[in-house]
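Colleague: The residues making up each chain are set out below.
There are 2 protein chains.
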Amino acid sequence: MSSPSFDFAPLLHHSLPAPAAAWTGFPAFNFVGGHNDADSIPVADLLSAAGRVIAREGSTLATYGLSSGPLGYAPLRAFIAAKLAADASVKCSAEEVLITSGSLQGLDLVNRILLNPGDTVIVEQASYGGALNRLRGLGVKFQGVPLDHDGLRADALRSTLEALRARGVRPKYIYCIPTVQNPTATVMSEARRREILDLSEHFGVPVFEDECYADLTWSGARPPAMRAMAGAERVIHIGSFSKSVAPALRLGYLVADWPVMSRILSVKNDGGAGALDQMILGEYCLAHFNAHLPRLRATLRAKLDCLQDSLREAFGDQAQFDDPAGGIFQWVTLPEAVDTSRLAQVALQSGVAINPGAEWTSDGDSGRHRLRLCFAHPSKETIREGVLRLAEICRREFGLPHQATPKHR
Amino acid sequence: MSSPSFDFAPLLHHSLPAPAAAWTGFPAFNFVGGHNDADSIPVADLLSAAGRVIAREGSTLATYGLSSGPLGYAPLRAFIAAKLAADASVKCSAEEVLITSGSLQGLDLVNRILLNPGDTVIVEQASYGGALNRLRGLGVKFQGVPLDHDGLRADALRSTLEALRARGVRPKYIYCIPTVQNPTATVMSEARRREILDLSEHFGVPVFEDECYADLTWSGARPPAMRAMAGAERVIHIGSFSKSVAPALRLGYLVADWPVMSRILSVKNDGGAGALDQMILGEYCLAHFNAHLPRLRATLRAKLDCLQDSLREAFGDQAQFDDPAGGIFQWVTLPEAVDTSRLAQVALQSGVAINPGAEWTSDGDSGRHRLRLCFAHPSKETIREGVLRLAEICRREFGLPHQATPKHR
Numbered sequence: 001m002s003s004p005s006f007d008f009a010p011l012l013h014h015s016l017p018a019p020a021a022a023w024t025g026f027p028a029f030n031f032v033g034g035h036n037d038a039d040s041i042p043v044a045d046l047l048s049a050a051g052r053v054i055a056r057e058g059s060t061l062a063t064y065g066l067s068s069g070p071l072g073y074a075p076l077r078a079f080i081a082a083k084l085a086a087d088a089s090v091k092c093s094a095e096e097v098l099i100t101s102g103s104l105q106g107l108d109l110v111n112r113i114l115l116n117p118g119d120t121v122i123v124e125q126a127s128y129g130g131a132l133n134r135l136r137g138l139g140v141k142f143q144g145v146p147l148d149h150d151g152l153r154a155d156a157l158r159s160t161l162e163a164l165r166a167r168g169v170r171p172k173y174i175y176c177i178p179t180v181q182n183p184t185a186t187v188m189s190e191a192r193r194r195e196i197l198d199l200s201e202h203f204g205v206p207v208f209e210d211e212c213y214a215d216l217t218w219s220g221a222r223p224p225a226m227r228a229m230a231g232a233e234r235v236i237h238i239g240s241f242s243k244s245v246a247p248a249l250r251l252g253y254l255v256a257d258w259p260v261m262s263r264i265l266s267v268k269n270d271g272g273a274g275a276l277d278q279m280i281l282g283e284y285c286l287a288h289f290n291a292h293l294p295r296l297r298a299t300l301r302a303k304l305d306c307l308q309d310s311l312r313e314a315f316g317d318q319a320q321f322d323d324p325a326g327g328i329f330q331w332v333t334l335p336e337a338v339d340t341s342r343l344a345q346v347a348l349q350s351g352v353a354i355n356p357g358a359e360w361t362s363d364g365d366s367g368r369h370r371l372r373l374c375f376a377h378p379s380k381e382t383i384r385e386g387v388l389r390l391a392e393i394c395r396r397e398f399g400l401p402h403q404a405t406p407k408h409r
Numbered sequence: 001m002s003s004p005s006f007d008f009a010p011l012l013h014h015s016l017p018a019p020a021a022a023w024t025g026f027p028a029f030n031f032v033g034g035h036n037d038a039d040s041i042p043v044a045d046l047l048s049a050a051g052r053v054i055a056r057e058g059s060t061l062a063t064y065g066l067s068s069g070p071l072g073y074a075p076l077r078a079f080i081a082a083k084l085a086a087d088a089s090v091k092c093s094a095e096e097v098l099i100t101s102g103s104l105q106g107l108d109l110v111n112r113i114l115l116n117p118g119d120t121v122i123v124e125q126a127s128y129g130g131a132l133n134r135l136r137g138l139g140v141k142f143q144g145v146p147l148d149h150d151g152l153r154a155d156a157l158r159s160t161l162e163a164l165r166a167r168g169v170r171p172k173y174i175y176c177i178p179t180v181q182n183p184t185a186t187v188m189s190e191a192r193r194r195e196i197l198d199l200s201e202h203f204g205v206p207v208f209e210d211e212c213y214a215d216l217t218w219s220g221a222r223p224p225a226m227r228a229m230a231g232a233e234r235v236i237h238i239g240s241f242s243k244s245v246a247p248a249l250r251l252g253y254l255v256a257d258w259p260v261m262s263r264i265l266s267v268k269n270d271g272g273a274g275a276l277d278q279m280i281l282g283e284y285c286l287a288h289f290n291a292h293l294p295r296l297r298a299t300l301r302a303k304l305d306c307l308q309d310s311l312r313e314a315f316g317d318q319a320q321f322d323d324p325a326g327g328i329f330q331w332v333t334l335p336e337a338v339d340t341s342r343l344a345q346v347a348l349q350s351g352v353a354i355n356p357g358a359e360w361t362s363d364g365d366s367g368r369h370r371l372r373l374c375f376a377h378p379s380k381e382t383i384r385e386g387v388l389r390l391a392e393i394c395r396r397e398f399g400l401p402h403q404a405t406p407k408h409r
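Here the protein sequences line up with chains A and B, keeping their order.
Counting from 1, one number per residue, gives the positions in the first sequence under our numbering.
Counting from 1, one number per residue, gives the positions in the second sequence under our numbering.
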């Protein structure tokens, strides 16, 4: 509708991000976002689950929360409790599980009950850009702690907590992604988890454990969650089905003790997560989740192999990377001359989308010549072609990589 | 899990509502909440829609936003645009419609981009308790404007806006529920809508138009939305499928010009509304929505008749009420001696849940002896028995109504 304009600008909230640009479809070579492999969506099994559960329980759609109350669809919560016990040694009942609209809502709810502007939280030095952005939006300071191959470094965490304590600052939580860390894709060892929890106790700082990728280790195994260990009362645990079944479903979960959960429920005034999503996923998972995962992991691993081969071919040894323990992204280090924020801007104009490392690191600087490449959604052909194009653009902008002389084919 | 306790209290946000109580099921006589008639959920048609759309488009679940982008599932948006044109004379394209997780998310998004703590907004003197609670939580002042049978009173709105202007206050918006007002269930006349929009222009204050009940007028007709009138650029319009199809679905929509929409999209970082909810509802609506509504309206009208008969029987002429133009609730005035907040507390102990008028009025006082009764979910038997119990409890607590001598059977 063409209409005269009214100036909303003087009425806006004093602190907003820049307006969104109109959506014009996904870029042709899309290496960003948690999208997944389209052929791995279990369409037939979701369809039969939908048929069963809608026929059986469809009339419960007449009530907010179905017949399950504010925590969410009870059969799905029961599945999650059993799954967490089997996979991650977490002992919890279905009454300690809250269904959220993706793990993103878990982030928002925890932030809502714990964070005031000006507060401080601890994050991993390289961390999920969406979590860092949320903290910025809330006016919350975050202090990054370096990682190694076992995850968040306990020695560095201790120093950070001591330095903050010396300044009279008690951080609100330690946010970490222990299993398939985002973006480094490492798995925090069990011993390291124990150390982090001990520091949490010593300094009186809760752990905010984001295990949204934990179903996607190549081995299928994962260490016990910190929520499973002594000290679990200090741990708020979130997880997701976005990576293991489908991102568009918008279903995650949160596990916490009642003093936290009762606060979260008091501010969660959204009327619940989408009911058909919950019902169909709950019905699906009981019958099919465990058989689905190995197939998905194999598909993702094959795409990752393709990505790594393509990187070696296009960038030679100028793209450095470790082999992820699982997941849907590869963290890549380029020579220091390459500013990946600029690379991302230029590449997008040619239809190649990447996450510049500055957006995925707490300090920005340490990610300046790094990038994150998501590989689950594009086809292998698109991965190959996209990486080749990225290398060409990088060469044009930064003179690197040198003309392709592949060394590791 | 029984665990030692950790004291989260010193870490909590400085301003939180009281912790939630554990959920113990719905009360036996539940006259609160936007629940709907369970037998009216179109289970068979939802089921066939699910079968078609999952088979056809299930693999699009692999991407956030499906293939439709951040505004939500495109076929559902197209349906909404066509429906708003046909029913409410709103001219908008599917690209001006945002799918939200219920109209509640619409409230949250508009509040997020427009409101700072300390701001002022205009509301109807009797209004939706959930909207008022949100404003309280944000530290926003709201000023109530009285209603009459044609809706928000234009003369009173002008006085209020003048008084605020004299104090240098520019309210951020005028929030109103024009069609089947909550809780009075009146319909704002077309002439009154025009007057409100003219005042909006004169004082430079946008209109926030909540039409979430507009599908449920008994006649099936509704006046043009303010979003359809000259001045629409100042109107943010929201609506919902919670009342017309099923509350558990969590699907609503928002219509606004791009300067507003682009701001909303920039803060809407939830990954989208539940995809199966969107897909199945979109598929369902194209084939069945228009045929479904008359059946639902007839069912609701019959339950309302039962409620009104029950009120006359149990309260005689001591319960005063107007006949709603549609919807799922009855606004009732009791004698001034009755404090409905206390009545609600006592009644709940006997399994009878009501909305006390103080929670549904901007000043509290004008609702002190009023209550809202939702009638869509309970059966007619439950309605009759619940109203009888409520009258008994009221008599025990307040000596009113006098022993039943029904006058209007």
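Hints listed in this document are in silico derivations from the structure and should not be mistaken for laboratory results.
Being a predicted model, the structure only gives us computed values, none of them experimental.
One should not assume that every hint holds.
A pair counts as met if it fits within one copy or between any two copies, since identical chains are not told apart.
Derived lysine to aspartate or glutamate pairs resembling DMTMM-like cross-links, with alpha carbons at most 25 Å apart [claimed, not checked]:
1. 141 x 270
2. 380 x 39
3. 83 x 37
4. 141 x 7
Colleague: State for each hint whether it applies.
Modeller: Verification of the hints:
1. With identical chains, the CA atoms of residue 141 and residue 270 are at most 25 Å apart between copies only, with a shortest distance of 22 Å across copies and 27 Å within one.
2. In this assembly of identical chains, residue 380 and residue 39 lie within 25 Å of each other by CA distance solely inside one copy; the values are 13 Å within and 49 Å between copies.
3. Within a single copy, residue 83 and residue 37 get their C-alpha atoms as close as 23 Å, which meets the 25 Å cut-off; across copies the closest is 35 Å, which misses it.
4. In the homo-oligomer, the alpha carbons of residue 141 and residue 7 lie at most 25 Å apart only across protomers (22 Å), although the nearest pairing inside one protomer, at 33 Å, exceeds that limit.
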